[in-house]
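A.B. asks: If you're matching them up, the sequences are chains A and B in order. Numbered according to this note's numbering, the first sequence spans residues 1 to 413. Numbered according to this note's numbering, the second sequence spans residues 1 to 116.
Keep in mind that the hints were calculated from the coordinates and are not lab data. A hint or two may mislead.
Selected chain B positions facing chain A (in silico; Cβ < 7 Å) [to be verified]: (1) Thr-2; (2) Asp-89; (3) Leu-90; (4) Asp-91; (5) Pro-112.
Taking lysine-lysine and the DSSO-like style, the derived pairs with C-alpha atoms no more than 27 Å apart in a straight line are [to be verified]: (6) B:Lys-107 with A:Lys-160; (7) B:Lys-76 with B:Lys-98; (8) B:Lys-107 with B:Lys-76; (9) B:Lys-98 with A:Lys-160; (10) A:Lys-83 with A:Lys-69; (11) A:Lys-83 with A:Lys-160.
From the structure, some residues in chain A lie toward chain B, with a derived Cβ separation under 7 Å [as the list claims (entries may be wrong)]: (12) Arg-163; (13) Ala-164; (14) Gly-165; (15) Ile-166; (16) Pro-167.
Where is the CB? At the ideal position from N, CA and C, for every residue including glycine.
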Amino acid sequence: MSTPAPVGLSAVFRAEHGRVVAGLARRLGDLDLAEDAVGEALVVAAERWPVDGVPPNPGAWLTTVARNKALDRLRREQRRDLKHAEAQMVSDPTPHEPTGPVADDRLRLVFTCCHPALAPEARVALTLRLLGGLTVPEIAAAYLVPETTMAQRLTRAKQKIARAGIPYRVPAASDLPERLDGVLAVLYLVFNEGYLSHSGQAVREDLTGEAIRLARQLHEMVRHTPSLGAQPEVDGLLALMLLTEARRPARVAEGRLVPLAEQDRTRWDAALVDEGHRLVRGCLALGRPGPYQLQAAVNAVHTDALDASMTDWSQVVQLYDQLLALRPTPVVALNRAAAVAEVDGPEVALGVVDRLPLERYHAWHATRADLLRRLGRHEEARTAYDAAIGLAGNDAERAFLAGRRDGLGRGPT
Amino acid sequence: MTQYLLSVHTDFDDVAGTTEAEMQQAFAQVDAFNTELQASGSWVFAGGLTPPSDATVVDATGSDAVLTDGPYAETKEVLGGFWVIDVADLDAALEVAKRASAACMGKVEVRPFQGE
Chain A
1 MSTPAPVGLS
11 AVFRAEHGRV
21 VAGLARRLGD
31 LDLAEDAVGE
41 ALVVAAERWP
51 VDGVPPNPGA
61 WLTTVARNKA
71 LDRLRREQRR
81 DLKHAEAQMV
91 SDPTPHEPTG
101 PVADDRLRLV
111 FTCCHPALAP
121 EARVALTLRL
131 LGGLTVPEIA
141 AAYLVPETTM
151 AQRLTRAKQK
161 IARAGIPYRV
171 PAASDLPERL
181 DGVLAVLYLV
191 FNEGYLSHSG
201 QAVREDLTGE
211 AIRLARQLHE
221 MVRHTPSLGA
231 QPEVDGLLAL
241 MLLTEARRPA
251 RVAEGRLVPL
261 AEQDRTRWDA
271 ALVDEGHRLV
281 RGCLALGRPG
291 PYQLQAAVNA
301 VHTDALDASM
311 TDWSQVVQLY
321 DQLLALRPTP
331 VVALNRAAAV
341 AEVDGPEVAL
351 GVVDRLPLER
361 YHAWHATRAD
371 LLRRLGRHEE
381 ARTAYDAAIG
391 LAGNDAERAF
401 LAGRRDGLGR
411 GPT
Chain B
1 MTQYLLSVHT
11 DFDDVAGTTE
21 AEMQQAFAQV
31 DAFNTELQAS
41 GSWVFAGGLT
51 PPSDATVVDA
61 TGSDAVLTDG
71 PYAETKEVLG
81 GFWVIDVADL
91 DAALEVAKRA
101 SAACMGKVEV
111 RPFQGE
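Given the sequences, and given the hints that come with them, work out the whole structure.
C.D. replies: Here you go:
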């Protein structure tokens, strides 16, 4: 092959990493050894593929090389588990396919990485490292922590998995819904860090893209594992991510955040919107609504409207009513209030918002500011915009809020 | 199989404030839980401890052993009791710990013993 594009290689590596590590980890019973062996195999691939070409089945190729590297190391270290590992490798030549036992391997790995006994930030890092195939420097850069800190976090988590005996398996049916929630929460955390970035940038495409890729993988794994049954929240989370991502091209203009009502809807990604809508319809039809499905449905109502004035706000309020019943948090109540403003007017909404204990949350101040502005209470709005600007996490949002504040006329007060 | 220490950290000042009925309830619950644990085959050892004021710290790291009255660390919450269990993995240990915590009405820390 004459085009040894390193970008292409890293995409292959990321796509295959979870599968190869997961399969090897099961057969070796040692996550750390599996990861190291796959790392060595990737080094060999980076040398050989640009010269010899990418093999027809890169995953199988990496698995074979990594397996040999792992056995070499067990031999070198004269480990007692060598015999067992060798036997596993011979007796279990699991075919490298995207479905069946291999999907099970990756599912096991997902549940291990997202185990509730690990710290949330360790779950995120492990998932990006082992399933996403991101390198330690990449993850460290994404979360703005020094590489050594991220490396320590990963090492500590892997030590706990090994020493505390965190099992490498898909949880029992009785624990599954709860544990799956934990996995979804990790993926949502990665997505939100990308979308509502606190790093100064408006959107971290690396993180939103990675979260979507992992959510797609999880969606596929669940679909190919009939024993899990339908898991509509998995579809719901994927739909929520896709419908949010679809609006990204219109979300920031000239370094300024553009509110939903003012976005150029022709710039939304129609393919992602279609896919998101299909998923939302499919999962809601199962009649087991959950928080992700409901949030996806809210987004589907927005992306259904050709322009903002055609938004079915009463349906948005109804969906938030359902969400609030499942998740009675002030943040959900705040989002609901923004929809109430469109149905019952800003006065009613402000009455709700003012009772919410969210003084530390920039969106609370921003919502209040907008409602006060619409009520013509400009001086109070100005104060609220200032508070929101002080708490906002990125420049695009601050620029939008400052623009609104500076556009305020003199109020009647 | 892995052995885990399930320890209960207690504020003995709080214990002094609990009613006789509450104490009796906790004792009865722990008794029932222990019986269950023994029947399940996960039981290795368990026990409750007297207040930290009964403790003596022994330091023989120097040439002469030094004895000090009182607990090792002057913290509000100290080890009040523990279980040692032998189960398949952390998930199994956490399951036992949930029941232990409910029975003794306290937080339970789960720690694995070192392997061979």
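A.B. asks: Each hint should be assessed against the structure and marked as holding or not.
C.D. replies: So, going through the hints one by one against the coordinates:
Taking 7 Å as the C-beta contact cut-off toward chain A, the hint placing Thr-2 of chain B at the interface holds, the least distance being around 4 Å. Nearest Cβ of chain A to the Cβ of Asp-89 of chain B: about 4 Å, under the 7 Å cut. The hint holds. The interface hint given for Leu-90 of chain B is met, as the beta carbon of that residue sits about 5 Å from the closest beta carbon of chain A, less than 7 Å. Interface hint status for Asp-91 of chain B: upheld, as the beta-carbon distance to the closest one in chain A is roughly 5 Å, under 7 Å.
A least Cβ separation of about 5 Å between Pro-112 of chain B and chain A falls short of the 7 Å threshold, and the interface hint therefore holds. Among the hinted pairs, Lys-107 of chain B with Lys-160 of chain A is consistent with the structure: their alpha-carbon atoms are about 20 Å apart, no more than 27 Å. For a cut-off of 27 Å, the pair hint linking Lys-76 of chain B to Lys-98 of chain B stands: about 23 Å separates their Cα positions. For a cut-off of 27 Å, the pair hint linking Lys-107 of chain B to Lys-76 of chain B stands: about 14 Å separates their Cα positions.
In summary, the hint linking Lys-98 of chain B to Lys-160 of chain A is supported, as the alpha carbons are separated by about 20 Å, within the 27 Å threshold. Distance check on the hinted pair: Lys-83 of chain A and Lys-69 of chain A sit about 15 Å apart at the alpha-carbon level, within 27 Å; holds. A C-alpha spacing of about 25 Å is found between Lys-83 of chain A and Lys-160 of chain A, which places the hinted pair at or below 27 Å, so the restraint holds. With a cut of 7 Å, the hint placing Arg-163 of chain A at the interface with chain B holds, because the nearest CB-to-CB distance is about 6 Å.
For Ala-164 of chain A, the suggested interface contact is upheld, since its CB lies about 5 Å from the closest CB of chain B, less than 7 Å. Hint on Gly-165 of chain A holds. Least Cβ distance to chain B is approximately 4 Å, under the 7 Å limit. For Ile-166 of chain A, the suggested interface contact is upheld, since its CB lies about 5 Å from the closest CB of chain B, less than 7 Å. Hint on Pro-167 of chain A holds. Least Cβ distance to chain B is approximately 4 Å, under the 7 Å limit.
The earlier numbered hints are all upheld by this structure, with none contradicted.
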